[in-house]
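Asks: Line by line, the protein sequences are chains A and B. Each residue of the first sequence is one higher than the last, beginning at 1 in the numbering used here. Each residue of the second sequence is one higher than the last, beginning at 1 in the numbering used here.
Treat the hints with care, as some may be off.
Unchecked claim - With a straight-line Cα cutoff of 27 Å, these simulated DSS-like cross-link-like pairs (lysine-lysine) come out:
| hint | chain 1 | residue 1 | chain 2 | residue 2 |
| --- | --- | --- | --- | --- |
| 1 | A | Lys286 | B | Lys324 |
| 2 | A | Lys200 | B | Lys367 |
| 3 | B | Lys20 | A | Lys139 |
| 4 | B | Lys50 | A | Lys338 |
| 5 | B | Lys158 | B | Lys123 |
| 6 | B | Lys316 | B | Lys443 |
| 7 | B | Lys321 | B | Lys281 |
| 8 | B | Lys383 | B | Lys363 |
| 9 | B | Lys307 | B | Lys341 |
| 10 | B | Lys367 | B | Lys330 |
| 11 | B | Lys324 | B | Lys363 |
| 12 | A | Lys139 | B | Lys341 |
| 13 | A | Lys286 | A | Lys139 |
| 14 | A | Lys341 | B | Lys341 |
| 15 | B | Lys388 | A | Lys286 |
| 16 | B | Lys363 | B | Lys321 |
| 17 | B | Lys363 | A | Lys200 |
| 18 | B | Lys281 | A | Lys341 |
| 19 | B | Lys50 | A | Lys341 |
| 20 | B | Lys20 | A | Lys338 |
| 21 | A | Lys288 | B | Lys341 |
These aren't lab readings, by the way, just hints derived from the structure by calculation.
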Amino acid sequence: MKSKFKKIFKGGLGQLTIPIIAICLLVIFNLIRDPSFFSIAIQHNNDGNIVLAGNLISIINGASELAVLAMGMTLVTAACGGQDISVGAMAAIAGSAFVKVLKSASVINAPIVILGFLMACLVAMIFASFNGTLVAVFKIQPMIATLILYTCGRSIAYWINGGATPTVSSPIITGIGSFIPGIPVPTPVLIVIAVAIIFKLVFHFTSLELFTQSVGINGSAARLNGINSTFIKLLSFIILGLCVAVAGTIGVSRLGLINHETLLLDVEMDTILAVAIGGNSLGGGKFKISGSIIGAYVIQMLTITLYAMKVSSTDVKAYKAVVIILLVVIGSPVIKAKFQKLMTNLKNRKPKVSVKGAD
Amino acid sequence: MQENCLLKMRHINKLFPGVKALSDVDFTLRKGEIHALMGENGAGKSTLIKILTGVYQSDGGEITVEGEKVNIHSPQDAQNNGISTVYQEITLCPNLTVAENMFIGREEGILVRHKYFEKRADKILGELGIPARSTQQLGSCSLAVQQMVAIARAVDMKCKVLILDEPTSSLDDKEVNMLFDLMRDLKSQGVGIIFVTHFLEQVYEVCDRITVLRNGELVGEYLIEDLPQVELVAKMIGKDLDELSSFGEVEEKHFDEKDIFYEAKSLSSSDALPFDFTIHKGEVNGFTGLLGSGRSESVRAIFGADKVNGGNVTIKGENVKITKPIYAMKHGIGYLAEDRKRDGIIAELSVRENIILALQVMKGFFKPISRSEAEAFADEYIKVLNIKTASRETPIGSLSGGNQQKVILARWLLTHPDYLILDEPTRGIDVGTKLEIQKLVLKLAEDGVSVTFISSEVEEMLRTCSRLIVMRDRHIVGELTGSDLNQAQVMKTIAGGEAGNEE
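Use the sequences and the hints to build the structure in full.
Replies: Below is the structure:
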């Protein structure tokens, strides 16, 4: 009987149980509330393209940056047993670098956009390496190490464009931020799919997954098996840096401007939540990228649902918190341990009684 | 005699899931005595101590303090009954002052009366002759003094029973002597001291009585003068001296100079003192010695597991530098670590992933072993080593100890090492698996693999090794081959010093 319960809690549907149940509940809730909630319409947008529209699309589209960041955060979490809280600030830096390159050119064409994106990647990787070095080499707790950039990152972003919030308008930028003519699916969604595929390929063609998990689960054993854990941890930060650059680029392209103060503001906490809701242990170790992606969509669906229920934007956060508390507590190791302890106690009750009887 | 009894533990039993950690153990401590609690790893010493200090609950048995039956359910209960413990690692706060450490958690009311505490602390420190000031930060004292402060704290709490759990393992000789003086002083005040240590000589220096445990059972209680050191070793390991001589029939092998696979000259690491070591192709040798004698530290130095400080190493005649495990692995060395849980298994990963790990590291980051290849490797070794697992995808953490060990063995065998170091590969696993592992070691040697085999069970080493290196107190004190390979000789060498006193 114990093993049966254990199975449900530990194995069963696996670590995806809770995020999948959460998403199902949200879907059912919305369908009951408003059967047409998930209807998808085919519309012409302002540019005259045929595009998909509807709540479902805006959920999936809106969660794009979060999903990309959550993928990177999953790796950092797995390898280091801690989180990077500077991703929002870093995204502002990367976005500013992106805009800086675009602004420096007289015409915004494809090569310039690519150059700008590469610059964003480079800058994000440099800052991520800074975080990574503090964590991997100097063994500073990730949250403390990344607190530095969390605090000063947006100031750095401010300096890059000299304090202005420059706008960039170009069909290419619109193409990245919303729709590419002829494709009805929002581009950010396509980017998420591309990033997920890249992750899949990296896991297939390198030992990243095995090494990261080994370092996260048992650093001592990993070291004795010749794994360079410093390198693995640093690498996880650099990969997160690339994700940050992608997220920053999407964020800038959506609005067509960079506002270093508000770009992806507070996204770090949602990112960490996405990882946690995805069933990944925030203490590191075994991970599933897919869980974090689902986690990102759970968060976004929750937000959109609340907006759809006409909850005012100031109240949304409070309602969100309640749901998240429930999700996180149910999935917490304490609840699991309590449950297991209860089962062992039930099992152990017999011998204990007999001993007392003997006294 | 009887009225002198301070602490009596009778018929103590403790069950852990699947293991009987203590069965029917008795322990008696008298007033004003230093009593050594001895036994090899897994003998039940720490379980017994933890029951006494309320960390664990016993599954039967009774404890009396000064003739009164007591129930100890928590460390607080133990303290209230006058039982105090000083652990190996200092459990005080280095950032507080000595006085604060002595009184922390014992203030009555909410006010901390610094001046009063400091005065009282100075008085106790003075009485016990501890060289520390009450206002000094604890962290600024040497480890020995910190330990003494912990003892002073216990003394001030009117402890009747003082448990010292491996107090000397990180102290130098001078500090040990200081500690012993303090212990003798307390003894003269009527405190009963339980002394747990791995250092035999220290036992004979300060203790009055010895209680030996083995495999969770009481072997016996002896007066120190009735139990020579070599007999103590025999009791701990579990063989009577008489039946020892007959053992030992590993055929002697002769190795040429040119067959030397690995040679180290004055190799040292952060944890191992300089030592020389040689192993030939196809040779099985062993490191023996009691726990803490430095045998594990030495082999870890060979593998580069700890920070290597110096020494010359040659492999097949070529000079090499092994400062990290990965270099050792690239030179064909494999190392199965002593602590399987901490240094071996990646608990949440599958059997398959655990098996391919070392090979994958050697192949490199960009050349992952394909899933089908990994599955083939896993299936092969699950079969060859007879690993009992639900499937190759089962997390290794849910396997039994013996099967976990086989998976780790498979991990190293898969790298096809030239030299395999096995540190306690058979600890805590069932007899059948032990024999399988021993056979495997001999077979590997036949195939030309050099093996270093470490085990707490001397018998097992005699069965497999053709050369035994004996260590004591972090030094190599002997190397036994041929006819010297018998239990009596091994124990004499391990015990050293006192061995000659035996008639």
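Asks: Can the restraint linking Lys286 (chain A) and Lys324 (chain B) be considered satisfied, given a maximum Cα separation of 27 Å?
Replies: holds, 25 Å
Asks: Verify the proposed pairing of Lys324 (chain B) with Lys363 (chain B), using a straight-line Cα cut of 27 Å.
Replies: holds, 16 Å
Asks: For a C-alpha distance cap of 27 Å, please report whether Lys363 (chain B) and Lys200 (chain A) respect it.
Replies: Holds, at about 21 Å.
Asks: Does Lys341 (chain B) lie within 27 Å of Lys307 (chain B) when you go C-alpha to C-alpha?
Replies: Cα-Cα ~21 Å, so holds.
Asks: Within a Cα-Cα threshold of 27 Å, do Lys321 (chain B) and Lys281 (chain B) meet the stated pairing?
Replies: holds, 20 Å
Asks: Verify the proposed pairing of Lys363 (chain B) with Lys321 (chain B), using a straight-line Cα cut of 27 Å.
Replies: holds, 20 Å
Asks: Given the hinted pair Lys139 (chain A) and Lys341 (chain B), is their Cα-Cα distance within 27 Å?
Replies: At roughly 23 Å apart (the allowed maximum being 27 Å), Lys341 (chain B) and Lys139 (chain A) satisfy the hint.
Asks: Is Lys383 (chain B) within 27 Å of Lys363 (chain B), Cα to Cα?
Replies: holds, 24 Å
Asks: Does the alpha-carbon distance linking Lys316 (chain B) and Lys443 (chain B) stay inside the 27 Å limit?
Replies: holds, 22 Å
Asks: Are Lys388 (chain B) and Lys286 (chain A) close enough, with their CA atoms no more than 27 Å apart?
Replies: holds, 23 Å
Asks: Taking 27 Å as the top limit, are the C-alpha atoms of Lys50 (chain B) and Lys338 (chain A) close enough?
Replies: holds, 23 Å
Asks: Do the alpha carbons of Lys281 (chain B) and Lys341 (chain A) lie within 27 Å of each other, as the hint requires?
Replies: violated, 51 Å
Going down the numbered hints, you'll see the structure goes against 3 and 18, while the others check out.
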